[in-house]
Every structure is written in structure tokens, then in C-alpha cells.
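Quick note on our numbering: the sequence shown kicks off at 89 and runs consecutively.
Treat the hints as calculated values from the structure; they're not laboratory data. Given the structure is predicted, the values throughout are model-derived calculations rather than measurements. One or more of the hints may lead you astray.
Claimed, not checked - Cβ pair distances, simulated, as ranges: (1) Asp272 x Val184: 40 to 48 Å; (2) Val298 x Val184: 28 to 36 Å; (3) Glu293 x Tyr246: 20 to 28 Å; (4) Ser257 x Ala221: 26 to 34 Å.
We treat Cβ as the ideally placed atom computed from N, Cα and C, and that holds for glycine.
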Amino acid sequence: MRAPPGLTGSKLNYKHRLWNGRPVLISIGFGTGDPWMYRRTSQKHETRIGSERRSPIARMASALLTAITVVGCSGDADAGVPAQTVPERDGSTVEVPVPPQNRAWVIFGTDTILAEIARTPDERAQGLMYREALPDGTGMLFVFEDAQVRSFWMANTYVSLDIAYMNVSYVIVDIQQMEPLVTDSYPSAAPAMFALEVPQGWFAEQHVVVGDQARIEFGVQIAR
89 MRAPPGLTGS
99 KLNYKHRLWN
109 GRPVLISIGF
119 GTGDPWMYRR
129 TSQKHETRIG
139 SERRSPIARM
149 ASALLTAITV
159 VGCSGDADAG
169 VPAQTVPERD
179 GSTVEVPVPP
189 QNRAWVIFGT
199 DTILAEIART
209 PDERAQGLMY
219 REALPDGTGM
229 LFVFEDAQVR
239 SFWMANTYVS
249 LDIAYMNVSY
259 VIVDIQQMEP
269 LVTDSYPSAA
279 PAMFALEVPQ
289 GWFAEQHVVV
299 GDQARIEFGV
309 QIAR
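Between the sequences and the hints, there should be enough to build the whole structure, so can you do that?
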């Protein structure tokens, strides 16, 4: 199966453009709330289960996510690396790179993952199922509304994956290797608000370990 647009090619490295001291987009933070059920849960359902009982803080988090969502666009936003115009102190402007729409850069030191974003129950339920390949330097970032122990499984998932569970500060609290089509659960060792899936072996190759902190830059989120 062909990889999605914008995710083909070799490993991406934006070090020379990202470390210019200029923030591109604000990373998203969320409040607390009740659990979301999602893809590859320990109950082995492929869709979300149960009701959504969310606290006022969680509802505020949803409002924040909605506020950054733009409905409707034209052109191919995944072609190449888009740029955003940033004003200089002297009144001039400079273009800085930003992630493609509905994508994020997950940055560990000098290494970058171009990640699809799974932020809704349906997107988390689908995840990377039925993909026949996951190019090096790409992955999927699962975004939740609060930090809890998370559990994934590999039903209908054909590629070997690493998963890094991260807390609200983007600090890795657990890394596990997951094998294709295995229906055992892979629970996080500590509460996590984010989960990053990448091709198996990527974290070891880049010497990314538990305790490392990622930097995440989100592209414009378009309603799908």
C-alpha cells in the first residue's frame, strides 16, 4: 500500500532550519479529563468504547484544539516544506519552515520525525493499521487529552514499530518494540499524554532513550 502524501522519501533532518531561535508554531497542551479508548486497546476493540465524560478543563482543551483548526484550504499543502512569514525587528520579514498541514515535527536533538497526527477518536482507532510500509524518518503522533497509562496492540498492523510514550512535557517515559499482528497489549510504564510510533529500531539508531525530551512543532490542523 502506498504511503500517504507528504510521507515519502528518506529520513528528514531540519536541524539547520529549526535551530534559528524562532518559534514557528506553539506546541499544543491539553488539560485533564476521563480516558479516551483508542486503537489497539487492551480490550482489543478497533474503535473507541464507552462515553466521553470530560471535565471542564478537558472541554477547554477541546476548545483550544478547535481554535487552531482551519476548515477548508486550496492547493497541495503537503508538497515540499511550507514556510511562514515572520516579522523582523527592523520591519523586514523572513520566511521560516513550518510542518505540512495535519503533520508535526517531533524533534530529538538533531533528528526529526515527520509525523501524521492522530488526535480524534476515529484517527486514533485507525492509527497505522493496514499500512504495508512506514518510510524512515516518518511516524504517527497520538495526542490525548490527559496523561494516563496507555495501552496499544498490533492487530491489523503489518509493519514492525517502536512506540515512545511521552508525558505532558514531551519527556519519554517508556519505549517499547511492537511486532506485526501481535494481539498482546503494550501498556506504558507510566502515565502518558502522547505516543509516537516510528519504524522499529529508529530510537535505538538515533540513541533516543527514556528520559529524553522531544520538541514538537505542529502544522496547521485542517478538519478532516
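Right, here's what the structure says about each hint:
no., hint, in the structure
1, Asp272 x Val184: 40 to 48 Å, "holds, 43 Å"
2, Val298 x Val184: 28 to 36 Å, "holds, 31 Å"
3, Glu293 x Tyr246: 20 to 28 Å, "holds, 21 Å"
4, Ser257 x Ala221: 26 to 34 Å, "holds, 32 Å"
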